[in-house]
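Student: Mind docking chain B on chain A? Use the hints.
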Amino acid sequence: MSTQTPAFELYDLRKRFGDTLAVDHVGLTVPRGSFYGLVGPNGAGKTTSLTMAVGLLRPDSGGARVFGADVWSDPVRAKSMIGVLPDGMAMPERLTGRELLTYLARLRGLARKQVRERVDDLLTGLGLDEAENTLIIEYSAGMRKKIGLAGALIHAPRLLVLDEPFEAVDPVSATVIRGILRSFTESGGSVIISSHVMALVEQVCDHVGVIARGRVLASGPIDEVRGAHGDLEEAFVELVGAPEPLKGFAWLA
Amino acid sequence: MVGVMVGMKLAILRNGSGARRTIGGIIGLALAIGTVLVSVFAPMEAVVGLLAVILAVWFVCWVVGPTSGGGDETLRPEYFALEPVPSRTLMVGLLASSCVGVTVPVTTVAALSLFTLAIRFGVGAALVAVVAIPLTVVVIVLCSRVATAATGRAMRTRIGIEVSAIQNSAVLAAGFSIFMIYQAVSRHTDVFALLWNEGVAAPYSTAALALPSGWGLFAVRAAGEGSYAQAFGALAGTAALAVVLLVVWGVFVRERLAGPTTSPTRRGRGVGGALLRLLPSGPMGAVVGRELRTWGQDPRRALELRMALWTGVLVCALGLSAGLTFMVPLAGLIMVALAGLMSLNVYALDGSALWQTLLVPGAERRDVRGRQLAWLLVFVPASVLVTVGGILFTGQDWAWPWVAALLPTMIGASVGWSVLFAVVWPAPGPEPHRHGGNPLAAGDPSGQFTLLFPILLVSCAPPAALTALAVLTDAPHLFPVAIAVGVLEGVLLGWGLGRAAHRRLERRGPELLGTLRWGWDATAGRSVERTEPESSHEGENEGEEERGFLTRLERDLDGMSSRAGTALAVLGLTFWLPIYQGVASLFGALVGTRNRSWHLPLYLPEAWQVPVAVAMVLLGVAMLAAMARILFRPVPDASVRRREPGRGARPPEAARTRGS
Numbered sequence: 001m002s003t004q005t006p007a008f009e010l011y012d013l014r015k016r017f018g019d020t021l022a023v024d025h026v027g028l029t030v031p032r033g034s035f036y037g038l039v040g041p042n043g044a045g046k047t048t049s050l051t052m053a054v055g056l057l058r059p060d061s062g063g064a065r066v067f068g069a070d071v072w073s074d075p076v077r078a079k080s081m082i083g084v085l086p087d088g089m090a091m092p093e094r095l096t097g098r099e100l101l102t103y104l105a106r107l108r109g110l111a112r113k114q115v116r117e118r119v120d121d122l123l124t125g126l127g128l129d130e131a132e133n134t135l136i137i138e139y140s141a142g143m144r145k146k147i148g149l150a151g152a153l154i155h156a157p158r159l160l161v162l163d164e165p166f167e168a169v170d171p172v173s174a175t176v177i178r179g180i181l182r183s184f185t186e187s188g189g190s191v192i193i194s195s196h197v198m199a200l201v202e203q204v205c206d207h208v209g210v211i212a213r214g215r216v217l218a219s220g221p222i223d224e225v226r227g228a229h230g231d232l233e234e235a236f237v238e239l240v241g242a243p244e245p246l247k248g249f250a251w252l253a
Numbered sequence: 001m002v003g004v005m006v007g008m009k010l011a012i013l014r015n016g017s018g019a020r021r022t023i024g025g026i027i028g029l030a031l032a033i034g035t036v037l038v039s040v041f042a043p044m045e046a047v048v049g050l051l052a053v054i055l056a057v058w059f060v061c062w063v064v065g066p067t068s069g070g071g072d073e074t075l076r077p078e079y080f081a082l083e084p085v086p087s088r089t090l091m092v093g094l095l096a097s098s099c100v101g102v103t104v105p106v107t108t109v110a111a112l113s114l115f116t117l118a119i120r121f122g123v124g125a126a127l128v129a130v131v132a133i134p135l136t137v138v139v140i141v142l143c144s145r146v147a148t149a150a151t152g153r154a155m156r157t158r159i160g161i162e163v164s165a166i167q168n169s170a171v172l173a174a175g176f177s178i179f180m181i182y183q184a185v186s187r188h189t190d191v192f193a194l195l196w197n198e199g200v201a202a203p204y205s206t207a208a209l210a211l212p213s214g215w216g217l218f219a220v221r222a223a224g225e226g227s228y229a230q231a232f233g234a235l236a237g238t239a240a241l242a243v244v245l246l247v248v249w250g251v252f253v254r255e256r257l258a259g260p261t262t263s264p265t266r267r268g269r270g271v272g273g274a275l276l277r278l279l280p281s282g283p284m285g286a287v288v289g290r291e292l293r294t295w296g297q298d299p300r301r302a303l304e305l306r307m308a309l310w311t312g313v314l315v316c317a318l319g320l321s322a323g324l325t326f327m328v329p330l331a332g333l334i335m336v337a338l339a340g341l342m343s344l345n346v347y348a349l350d351g352s353a354l355w356q357t358l359l360v361p362g363a364e365r366r367d368v369r370g371r372q373l374a375w376l377l378v379f380v381p382a383s384v385l386v387t388v389g390g391i392l393f394t395g396q397d398w399a400w401p402w403v404a405a406l407l408p409t410m411i412g413a414s415v416g417w418s419v420l421f422a423v424v425w426p427a428p429g430p431e432p433h434r435h436g437g438n439p440l441a442a443g444d445p446s447g448q449f450t451l452l453f454p455i456l457l458v459s460c461a462p463p464a465a466l467t468a469l470a471v472l473t474d475a476p477h478l479f480p481v482a483i484a485v486g487v488l489e490g491v492l493l494g495w496g497l498g499r500a501a502h503r504r505l506e507r508r509g510p511e512l513l514g515t516l517r518w519g520w521d522a523t524a525g526r527s528v529e530r531t532e533p534e535s536s537h538e539g540e541n542e543g544e545e546e547r548g549f550l551t552r553l554e555r556d557l558d559g560m561s562s563r564a565g566t567a568l569a570v571l572g573l574t575f576w577l578p579i580y581q582g583v584a585s586l587f588g589a590l591v592g593t594r595n596r597s598w599h600l601p602l603y604l605p606e607a608w609q610v611p612v613a614v615a616m617v618l619l620g621v622a623m624l625a626a627m628a629r630i631l632f633r634p635v636p637d638a639s640v641r642r643r644e645p646g647r648g649a650r651p652p653e654a655a656r657t658r659g660s
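As they're listed, the protein sequences go chains A and B.
Under this note's numbering, read the first sequence as residues 1 to 253, first letter to last.
Under this note's numbering, read the second sequence as residues 1 to 660, first letter to last.
Extracted from the complex, chain A is given alone in its bound form (with noise of 0.2 Å):
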């Protein structure tokens, strides 16, 4: 594996149901140790994309590579890097939070001591500690995305991929996470996060994509993407196009 290899590379991703087509040769390349944002409006294909690009939903055509390891065709080396955080999705819901991760740790074969350590810290650190002993089903949208968070980081990855990590997490955990990501990436971990938050984006990524209509419109280092225009927000519009002004509707006085 050369050092030029990148962290995560999706290729030619292609997706049709029935008559959408929902993700259109996307392609993108997330360079090791950097923070990517892949931003785009409701319905761009942010979510089938990185669905299709960890192994969970079969694409028509492409795929996607984790440090050179193809995710559909080599899926053992390429699922013992990456952390995964999707959205919306279930849990083992009759567990608690605890045992949901001291189940995971387990699952990928950790040693006894290092479960206890790494669950331990988790759950401290994200401010889980005091839900420990609530069931996941009890819990709250922000409470799921951070066990969820917990959960993607327990193997130690080596790539994150989060899908709306911030949705509905409040702002004292928002910092807490943007920390924990922040020093990730730091000492060399790679990260990918979807939003359509676009400060917050700019804020925290290094690099990011533009998807829209399931096509990538720009990708890059960040302000190679925001060019001459004043924010990322601003660039995002004439990128997409803004829908027509909207003065109101008569009947709504």
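Hints are supplied without guarantee of correctness; some may be wrong.
[As the list claims (entries may be wrong)] Facing chain A, from chain B, some residues (calculated, C-beta under 10 Å):
hint, residue
1, Thr22
2, Gly24
3, Gly25
4, Glu83
5, Ser281
6, Gly296
7, Asp298
8, Gly351
9, Glu431
10, Pro432
11, Thr450
12, Pro454
13, Ala622
Derived by calculation from the structure, the hints in this document are not laboratory data.
Where a beta carbon is used, it is the ideal one built from N, C-alpha and C, also for glycine.
Tutor: Quick look at chain B alone, frame taken from chain A:
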């Protein structure tokens, strides 16, 4: 508002698939017409008691059916939580909309028996019946609604799960035992003729009349006997009960809308806290631990576990109380078979949580094997205990060779087939974290049930046949052979089918995840057929052609149309009837038995008995062949067999709008 809600229900029904409703409607209508015929033709002195019992059966079905299946969730109260309507209007609307569909009209037809009976009494009774019919139907529907709501609420507590499980198990155990009890009683007397001519004995008919389903009938009888005060009293009582039930239901619905889905901070321990500590710390131990906890803490699974266990215990108890001790050794077998049936949808019950398994390298095999191990740990000790204890307690030594040969086979078949069904043919339901207020809401696996049940029976045939041979030819040295065959078959089924399941999961994990995620249509409250892009299948199928029947079976089950599935279910449910009738009648005709029981060919003239019995066996074999044909039909082109396009194009929408 009420009209709008009824319109909404109609629209949802229109968009849904009708095959299951049609079949259910036809069977229901036949039963309803049967009820009416009883009211018309039964002798006058017996008719009221008979009708009371029949209506009570309808009532019990209404009350118990939905509580074990989660109930009709087509229109959920949550949909209207933000509408500015008084709760009384909401409740009437929910009631009215639940009358649209198949079940209520069919029940109304059955209730028409009140009118046909009343005509025999006279004009006054007929007028009373006209009022009694709608009241009776409304009260039955409301009782069902209240029972479902109460069960849903009770499922949040341990004791509630236990009570619901015992209730459902009692019905199941009665179902298992009723034929045997009938057989035992019919040795002494002709039960049907007795019932038809003399009616149901007083305590039972009185009890049936006392149920809410019997009040209208009581009014009709009172009017027929001229005591109109009693008749009006009963009608008024029914109406008052309806109002009370509507109010109680309203309380439950309001609580559901306002309250949390589960009790706050419940620290469950699951099954076998001590057991969990003994598990090895590796990945397999992790899966077994997760499964044991889930069997204990997921209300749906806890209910199914307890239903399997309680049914076995209750079959024992019923057998003992009716003096039919020969049933007691069979209780463990029934327990294991039910446990297999109850766990054939475990992947769907866990919903999209499968993603975690798919993302861990090599976890698919451990997940399947871990689930199997946990199943064995939960169900085998109990079934062995019940079996051995039952035999020792009743001293029925004849049962040892049977049980020793059949129990291992049944255990292996159950643990193998159920996990294969769960992977290959799930019945997806709402996601576990999006249940809303009903913790029992789940997909409907009745098609899988009806297929797995005969499969389990057939799986036990080889050791059963060997044991029977040993008994009939008085050759005890064959017993060890039968036991060896039984154990070997059980091990092979449990191991081999589990292997097929995890290999399938490794190959088609993402597709299963898609089915579990998007296979449930939340608006219609039912499973939908999914269309998958062709390209995901083509590359795979090429190399699979020569891999034998299991692959083809998997593929065919996967692509089965709902019509083929229904045909399969009907055949699977009934094929044993002609075979059993034919074999039993052949045996009876050749031995020259005098007890004809319900073996139809034996009622024919002697010359016809053997040919008809043989024909019935052939019919059963032909039905089996038809099932095999559906299951293993050749598929010329993978791209042609895909299901109807158009419907099921919904999942991607959900995918796109939810995420990005």
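Student: Each hint: holds or not?
Tutor: Here is how each hint holds up against the structure:
no.	hint	result
1	Thr22	violated (27 Å)
2	Gly24	violated (30 Å)
3	Gly25	violated (31 Å)
4	Glu83	violated (19 Å)
5	Ser281	holds (5 Å)
6	Gly296	holds (8 Å)
7	Asp298	holds (5 Å)
8	Gly351	holds (4 Å)
9	Glu431	holds (5 Å)
10	Pro432	holds (5 Å)
11	Thr450	violated (28 Å)
12	Pro454	violated (32 Å)
13	Ala622	violated (40 Å)
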